[in-house]
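K.L.:
Chains A and B, in that order, give the protein sequences. Going left to right, the first sequence walks through residues 1 to 352 as my numbering numbers them. Going left to right, the second sequence walks through residues 353 to 721 as my numbering numbers them.
No lab work stands behind these hints, which were simulated from the structure alone. Computed from a predicted structure; not experimentally measured. A few of these clues could be false.
What the hints assert, rightly or not - Counterexamples of contact, computed for chain B against chain A with all Cβ distances above 10 angstroms:
#, residue
1, Gly385
2, Asn416
3, Leu454
4, Val469
5, Ala551
To be verified - Facing chain B, a subset of chain A residues (Cβ under 8 angstroms, in silico):
#, residue
6, Arg61
7, Glu101
8, Phe103
9, Leu110
10, Leu144
11, Ile157
12, Thr254
Don't be surprised by glycine CBs; every beta carbon is placed ideally from N, CA and C.
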Amino acid sequence: MGSDTPHPAISGVWHPPRSSRTEAARLTSAGGVATVKGAEGGERLAEGAVFSLSVSARVGRIPRRIAFADGSVFETEDNDAVDRWLKAHRGWRVGLVHGLERFHPRLILLVAVVVVLCVGLYRYALPIAVEVAVAVTPPAAPRLISQSALASLDQTILAPSRLEAERRQAITADFRSLAAHTPEGAGAFDLQFRRGGPIGPNAFALPDGTIILTDELVRLTGDEDAALGVLAHEIGHVVHRHTLRRLYRAVGITTLIMFIGGDVGSGVEDVLIQGSGLMTLSYSRGQESEADRYSVELMAKAGREPAGLARLFEVLRDDHGEDDRNDFFSTHPATPDRIEDIRRHAAEVDAR
Amino acid sequence: MNDAAQIRQRGEEPEGRHVEPFSFTGTGREYFGIWIVNILLTIITLGIYSAWAKVRRQRYFYGNTRLAGHSFDYHARGLQILVGRIVVLVALAAYTALPYVLAFMDMLVLFTVANLVLPFLLLAVIPWLIKRGLRFNARVTSYRNVRLDFHGGYWGAFKAYLIGPFLAALTLGILAPLASRWMWRYTLGNVSYGGRKVACEPRLKALYSQWWMPALMVLLGVAPLTVLGVALFGWASSGLATVNEDTIATTIYLVFLALMAIYGFAGLFYRAGVRNVAFNAAVLDGRHEFASRLGRRRYAWIAISNFVATIFTLGFARPWAAVRMARYVASATALTVSGALDDYLNKVEETGPAIGAEYMDMEGFDFGF
């Protein structure tokens with residue numbers, strides 16, 4: 001639908017093919033053919049069918065580049081004239097994106113939409129995406145992560161257990177009877193004994209159901225229910241798939257910052273990533289109390305002392321001071337609140 | 353017609369030498385629209401638009417950077433950027449997943465080998481990625497219809513980006529000027545325009561003259577704070593502490609923040625000074641001399657106030673901040689032209705893939721021409 005009426009000339013400059021040389025020039029077009037002529041002499045510099053030209057998209061007020069097939073380029077600051085000309089000859093609209101970008105009261109609406117989308121992404125889409133990712137994760141993935149993590153730990157920090165075989169068998173038997181009360185059954189969990197060394201009295205769960213208990217924690221207390229309470233807590237982490245959730249969440253937040261953030265400046269990007277690390281801390285505190293409650297419920301179901309975990313925290317609290325605090329205590333702070341929460345929940349479960 | 357034309361008349365010198373200042377003509381108000389639409393479309397398209405968003409952002413900044421009445425332009429295409437990003441993401445994912453897969457398959461020997469070898473493999477690939485990234489960024493940049501090009505090799509990047517920072521860290525910053533010299537010689541000294549090279553030979557003496565002041569700042573600020581932090585930490589973990597744990601944690605965190613702030617401030621001072629030295633030692637085609645006169649305090653002030661403003665406006669001051677910095681940096685840069693800039697011929701035919709450039713982008717390497 002190119003028009004045949006001549007279009008008003010657009011003034012600008014022209015570069016010969018591949019050259020930085022510049023000549024003041026004017027672009028005219030008629031009959032679907034664009035012609036660049038020297039601004040003074042009027043000699044013909046370049047010519048081409050309008051549809052064969054490559055015209056750069058409009059961004060703000062930066063100069064427009066109109067490239068001809070021979071490699072020469074006509075450049076102009078007159079963006080509006082180029083848009084009018086394009087519209088007439090090619091039936092093109094002004095770039096949709098540029099239309100949105102123009103400074104206009106409508107931008108306030110866009111800001112509002114962006115704010116709503118960002119809050120929505122963080123509050124709703126991210127948790128949903130994490131749930132979906134957890135749901136579709138094949139069982140092989142947690143096993144992958146766990147075996148690799150345990151292999152690394154065995155090479156670096158952990159050493160084979162020196163616990164007496166009878167003691168290990170007794171704890172394993174208790175553990176299996178405890179795990180039998182989970183929906184997954186005892187077969188979904190595997191208790192491993194290790195010497196903690198630098199991490200001292202400790203217990204932790206890997207996402208595939210492997211639970212590692214250190215000799216130091218076993219020796220810390222003769223109280224069976226206290227040690228079992230810890231194992232029930234770790235089972236809670238596995239059942240609620242906490243490791244995977246935390247992993248996916250961290251990946252999700254970093255992706256959001258990197259891609260949605262776009263241009264926020266490198267300093268601000270660092271702050272956001274550090275800040276999201278702090279948010280993850282509060283997120284894992286939530287996971288800890290969820291695992292605490294799970295421990296209470298599972299212990300009650302297995303006919304054990306529901307507040308066994310609280311007893312261990314008390315032992316750890318009274319014992320600490322001589323240790324260098326790399327233990328269970330450092331990742332599981334035994335605040336009075338926490339012990340109290342466990343006791344309260346245990347009382348509720350007892351009352352049922 | 354514009355500032356450059358006026359200054360050109362003032363700066364006119366005999367034998368065809370004249371000073372051409374750079375200038376930046378973008379405005380915060382205009383960039384705000386581009387910025388917010390970039391974010392909006394990126395969210396709506398689940399991140400895919402981010403590649404095109406980058407192109408529009410770069411075209412805005414390049415297109416508004418003017419020298420001698422002409423602007424720069426950025427020619428990368430959105431699809432190129434998108435493919436580059438996808439390749440880098442897939443490669444990084446594979447790199448991360450490989451040890452897991454080996455452990456899972458019970459190949460514990462291979463797992464151990466992979467854990468030892470993979471980090472070195474990545475280190476070996478990084479110089480290549482940087483080399484290609486700098487080349488891509490140069491080749492998608494044009495001025496007056498002629499593209500820039502980059503000729504740096506693998507070992508140059510290895511020296512500038514791996515050995516340099518390693519030496520600087522190992523000597524607690526004492527060799528930082530040497531690292532800066534290598535880095536600027538590599539990045540700016542390998543650029544060419546129309547087949548004519550830029551030479552960049554910043555002198556060590558000049559670099560050290562920009563080094564001692566930030567070094568002193570770090571020494572005076574960091575040493576007492578470090579002692580304080582270590583003392584606090586030791587006291588807290590000695591078991592003697594009777595105060596609330598939260599108070600100690602907060603204090604240690606504040607000390608850490610103060611340390612970061614001092615490093616950041618000294619870093620800005622150093623960066624501005626080194627840029628001045630490097631640009632003042634750079635010559636295009638053996639005759640056009642670059643000049644940079646960034647005020648170190650002014651530069652640090654703009655960077656810090658930009659940062660604070662961006663944080664306190666939840667990011668919405670970013671367009672204003674980015675334009676403000678671009679304006680200042682451009683206004684402090686100039687090219688002393690001998691003869692004319694109109695006899696250069698484009699030698700660049702292809703840009704190649706954007707993989708290296710996107711890797712640098714993701715890892716936060718920042719080097720704009």
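K.L.:
Now tell me, hint by hint, if it's right for this structure.
P.N.:
Outcome of the hint check:
1. Gly385: Nearest chain A Cβ is 4 angstroms from Gly385 of chain B, so the label is violated.
2. Asn416: 6 angstroms, violated
3. Leu454: About 8 angstroms separates Leu454 of chain B from the closest Cβ of chain A, which leaves it inside 10 angstroms; violated.
4. Val469: Answer for Val469 of chain B: holds, closest chain A Cβ roughly 15 angstroms.
5. Ala551: It holds; Ala551 of chain B is separated from chain A by about 19 angstroms at its closest Cβ, greater than 10 angstroms.
6. Arg61: 7 angstroms, holds
7. Glu101: Nearest chain B Cβ about 4 angstroms off; hint holds.
8. Phe103: 5 angstroms, holds
9. Leu110: Since the shortest Cβ distance to chain B is 5 angstroms, the answer is holds.
10. Leu144: 4 angstroms, holds
11. Ile157: Since chain B brings no Cβ nearer than about 15 angstroms to Ile157 of chain A, farther than 8 angstroms, the hint is violated.
12. Thr254: 11 angstroms, violated
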